[in-house]
Amino acid sequence: MSRALGCYDAAMSQFPIVIRNRVVLFYRGFMLAFVGTVALVSYAALRDGPPEPGRWWPLIILLFWTVGLAGLAWSLNQETSVVRILGNRSIQVERGKAFRRHDLWTDRARFWIEETKDSDGDPYFKLMMDAPGEPLAVREGHQRPVLERLQSEVEEALRR
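Under the working numbering, think of the first position of the sequence shown as 41, with each following residue one higher.
Warning: the hint list may mix true and false statements.
[Claimed, not checked] No more than 20 Å apart at the CA atoms, straight line, and that leaves these computed lysine to aspartate or glutamate pairs for EDC-like:
#  : residue 1 : residue 2
1  : K166      : E154
2  : K137      : D170
3  : K137      : E119
4  : K157      : E188
5  : K166      : E180
6  : K166      : E119
7  : K166      : E193
8  : K137      : E174
9  : K166      : E188
10 : K166      : E134
11 : K157      : E180
12 : K157      : E119
[To be verified] Per label pair, the in silico range of CB-to-CB distance:
#  : residue 1 : residue 2 : range
13 : L126      : L99       : 51 to 61 Å
14 : E196      : L103      : 49 to 59 Å
15 : Y83       : P185      : 47 to 57 Å
16 : G76       : G127      : 35 to 45 Å
17 : Y67       : P175      : 18 to 28 Å
18 : P91       : R141      : 37 to 47 Å
Derived by calculation from the structure, the hints in this document are not laboratory data.
C-beta: ideal position from N, C-alpha, C; glycine also.
Model the full assembly from the supplied sequences, consistent with the hints where possible.
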(Lines of atoms letter the chains of each structure in order from A and count residues from 1; the text may use other names and numbers.)
(Lines give C-alpha, C1' and ligand atoms only; values in the text may rest on other atoms or scores of the structure.)
Protein backbone atom coordinates (compact mmCIF):
# COMPACT_ATOMS: atom_id res chain seq x y z
CA MET A 1 0.00 0.00 0.00
CA SER A 2 2.80 2.44 0.80
CA ARG A 3 4.40 1.70 -2.56
CA ALA A 4 1.24 2.68 -4.44
CA LEU A 5 0.97 5.81 -2.32
CA GLY A 6 4.59 6.61 -3.16
CA CYS A 7 3.82 6.36 -6.87
CA TYR A 8 0.85 8.64 -6.42
CA ASP A 9 2.97 11.21 -4.57
CA ALA A 10 5.63 11.13 -7.29
CA ALA A 11 3.04 11.71 -9.99
CA MET A 12 1.39 14.58 -8.14
CA SER A 13 4.62 16.27 -7.04
CA GLN A 14 5.05 17.89 -10.46
CA PHE A 15 2.17 20.29 -9.75
CA PRO A 16 1.93 23.23 -9.51
CA ILE A 17 3.98 24.30 -12.51
CA VAL A 18 4.52 28.07 -12.47
CA ILE A 19 5.75 29.92 -15.58
CA ARG A 20 6.41 33.66 -15.36
CA ASN A 21 7.04 36.06 -18.24
CA ARG A 22 8.71 39.06 -16.63
CA VAL A 23 10.67 40.44 -19.62
CA VAL A 24 8.51 43.57 -19.53
CA LEU A 25 9.76 44.41 -16.03
CA PHE A 26 13.19 45.21 -17.53
CA TYR A 27 11.57 47.73 -19.89
CA ARG A 28 9.67 49.35 -17.04
CA GLY A 29 12.74 49.53 -14.82
CA PHE A 30 14.87 51.02 -17.59
CA MET A 31 12.28 53.68 -18.43
CA LEU A 32 11.79 54.57 -14.76
CA ALA A 33 15.56 55.01 -14.40
CA PHE A 34 15.64 57.13 -17.58
CA VAL A 35 12.80 59.42 -16.43
CA GLY A 36 14.38 59.63 -12.97
CA THR A 37 17.68 60.73 -14.50
CA VAL A 38 15.91 63.36 -16.61
CA ALA A 39 14.16 64.60 -13.46
CA LEU A 40 17.48 64.91 -11.59
CA VAL A 41 19.10 66.78 -14.50
CA SER A 42 16.07 69.09 -14.70
CA TYR A 43 16.24 69.77 -10.97
CA ALA A 44 19.97 70.54 -11.16
CA ALA A 45 19.41 72.90 -14.11
CA LEU A 46 16.62 74.73 -12.27
CA ARG A 47 18.66 74.97 -9.08
CA ASP A 48 22.03 75.98 -10.58
CA GLY A 49 21.03 77.41 -13.94
CA PRO A 50 21.44 75.80 -17.34
CA PRO A 51 24.87 75.04 -18.80
CA GLU A 52 26.60 77.29 -21.38
CA PRO A 53 24.40 76.66 -24.43
CA GLY A 54 21.47 77.91 -22.34
CA ARG A 55 19.42 79.04 -25.31
CA TRP A 56 18.80 75.46 -26.51
CA TRP A 57 18.64 73.92 -23.04
CA PRO A 58 14.81 74.05 -22.58
CA LEU A 59 14.22 72.41 -25.97
CA ILE A 60 16.77 69.67 -25.26
CA ILE A 61 15.29 68.92 -21.83
CA LEU A 62 11.75 68.99 -23.30
CA LEU A 63 12.82 66.44 -25.93
CA PHE A 64 14.21 64.13 -23.20
CA TRP A 65 11.01 64.50 -21.14
CA THR A 66 8.87 63.70 -24.21
CA VAL A 67 10.88 60.60 -25.11
CA GLY A 68 11.03 59.46 -21.47
CA LEU A 69 7.32 59.81 -20.78
CA ALA A 70 6.35 58.21 -24.10
CA GLY A 71 8.69 55.28 -23.41
CA LEU A 72 7.35 54.92 -19.88
CA ALA A 73 3.75 54.89 -21.15
CA TRP A 74 4.70 52.25 -23.74
CA SER A 75 6.42 50.06 -21.13
CA LEU A 76 3.46 50.29 -18.74
CA ASN A 77 1.14 49.08 -21.53
CA GLN A 78 3.13 45.88 -22.14
CA GLU A 79 1.59 42.71 -20.70
CA THR A 80 3.15 40.45 -18.06
CA SER A 81 1.88 36.98 -17.24
CA VAL A 82 2.00 34.16 -14.74
CA VAL A 83 0.67 30.74 -15.78
CA ARG A 84 0.03 28.22 -12.99
CA ILE A 85 -0.76 24.65 -13.99
CA LEU A 86 -2.40 23.23 -10.88
CA GLY A 87 -3.45 19.90 -12.35
CA ASN A 88 -3.96 18.21 -15.68
CA ARG A 89 -7.27 20.08 -16.22
CA SER A 90 -6.68 23.22 -14.16
CA ILE A 91 -4.72 26.18 -15.56
CA GLN A 92 -4.73 29.61 -13.94
CA VAL A 93 -3.63 32.54 -16.12
CA GLU A 94 -2.76 35.83 -14.44
CA ARG A 95 -2.19 38.45 -17.11
CA GLY A 96 -2.32 42.18 -17.52
CA LYS A 97 -0.66 45.49 -17.95
CA ALA A 98 0.64 47.64 -15.12
CA PHE A 99 -2.08 48.36 -12.52
CA ARG A 100 -4.59 46.14 -14.44
CA ARG A 101 -4.44 42.42 -13.71
CA HIS A 102 -6.89 39.73 -14.79
CA ASP A 103 -7.15 36.31 -13.17
CA LEU A 104 -8.52 33.76 -15.64
CA TRP A 105 -9.00 29.98 -15.58
CA THR A 106 -9.08 27.36 -18.31
CA ASP A 107 -9.12 23.57 -18.42
CA ARG A 108 -7.11 23.13 -21.64
CA ALA A 109 -4.49 25.00 -23.60
CA ARG A 110 -2.49 24.74 -26.79
CA PHE A 111 1.18 25.77 -26.74
CA TRP A 112 3.38 26.69 -29.71
CA ILE A 113 6.62 28.53 -30.41
CA GLU A 114 6.71 31.66 -32.56
CA GLU A 115 9.94 32.75 -34.18
CA THR A 116 10.50 36.49 -34.45
CA LYS A 117 13.53 38.77 -34.59
CA ASP A 118 14.87 41.08 -31.91
CA SER A 119 16.02 44.67 -32.51
CA ASP A 120 19.44 43.44 -33.70
CA GLY A 121 17.91 41.05 -36.23
CA ASP A 122 18.81 37.94 -34.20
CA PRO A 123 16.27 35.11 -33.86
CA TYR A 124 13.96 35.59 -30.87
CA PHE A 125 11.46 32.97 -29.75
CA LYS A 126 8.19 33.15 -27.82
CA LEU A 127 6.36 30.24 -26.22
CA MET A 128 2.74 31.14 -26.87
CA MET A 129 -0.46 29.80 -25.32
CA ASP A 130 -4.11 29.94 -26.36
CA ALA A 131 -5.21 31.73 -23.22
CA PRO A 132 -8.65 33.11 -22.43
CA GLY A 133 -9.04 36.40 -24.27
CA GLU A 134 -6.20 36.23 -26.77
CA PRO A 135 -2.90 34.39 -27.31
CA LEU A 136 -0.37 34.96 -24.53
CA ALA A 137 3.44 34.95 -24.55
CA VAL A 138 4.19 32.57 -21.67
CA ARG A 139 7.99 32.72 -21.91
CA GLU A 140 10.40 34.30 -24.39
CA GLY A 141 14.09 34.30 -25.15
CA HIS A 142 16.88 33.69 -27.65
CA GLN A 143 17.31 29.94 -27.00
CA ARG A 144 14.75 27.81 -28.82
CA PRO A 145 15.81 24.47 -27.20
CA VAL A 146 15.01 25.84 -23.73
CA LEU A 147 11.52 26.84 -24.85
CA GLU A 148 10.98 23.52 -26.65
CA ARG A 149 11.95 21.65 -23.49
CA LEU A 150 9.55 23.76 -21.41
CA GLN A 151 6.78 23.21 -23.96
CA SER A 152 7.25 19.43 -23.89
CA GLU A 153 7.32 19.37 -20.06
CA VAL A 154 4.10 21.37 -19.84
CA GLU A 155 2.33 19.30 -22.49
CA GLU A 156 3.44 16.07 -20.79
CA ALA A 157 2.14 17.32 -17.44
CA LEU A 158 -1.20 18.29 -18.98
CA ARG A 159 -1.63 14.83 -20.58
CA ARG A 160 -1.59 13.01 -17.24
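Hints, verified against the model:
1. K166 <-> E154: Cα-Cα ~5 Å, so holds.
2. K137 <-> D170: 18 Å, holds
3. K137 <-> E119: 5 Å, holds
4. K157 <-> E188: 17 Å, holds
5. K166 <-> E180: Holds: K166 and E180 sit about 4 Å apart, inside 20 Å.
6. K166 <-> E119: Roughly 14 Å between the alpha carbons, so the hint for K166 and E119 holds.
7. K166 <-> E193: Status holds; Cα separation ~16 Å.
8. K137 <-> E174: Distance of about 14 Å is within 20 Å: holds.
9. K166 <-> E188: 10 Å, holds
10. K166 <-> E134: 17 Å, holds
11. K157 <-> E180: 12 Å, holds
12. K157 <-> E119: 19 Å, holds
13. L126 <-> L99: 51 to 61 Å: 55 Å, holds
14. E196 <-> L103: 49 to 59 Å: The hint (49 to 59 Å, Cβ to Cβ) holds, given that E196 and L103 are roughly 52 Å apart.
15. Y83 <-> P185: 47 to 57 Å: 48 Å, holds
16. G76 <-> G127: 35 to 45 Å: The hint (35 to 45 Å, Cβ to Cβ) holds, given that G76 and G127 are roughly 44 Å apart.
17. Y67 <-> P175: 18 to 28 Å: Hint holds: Cβ distance 20 Å, inside 18 to 28 Å.
18. P91 <-> R141: 37 to 47 Å: Holds, since P91 and R141 (Cβ atoms, about 44 Å apart) stay within the stated range.
Of the numbered hints stated above, none is contradicted by the structure.
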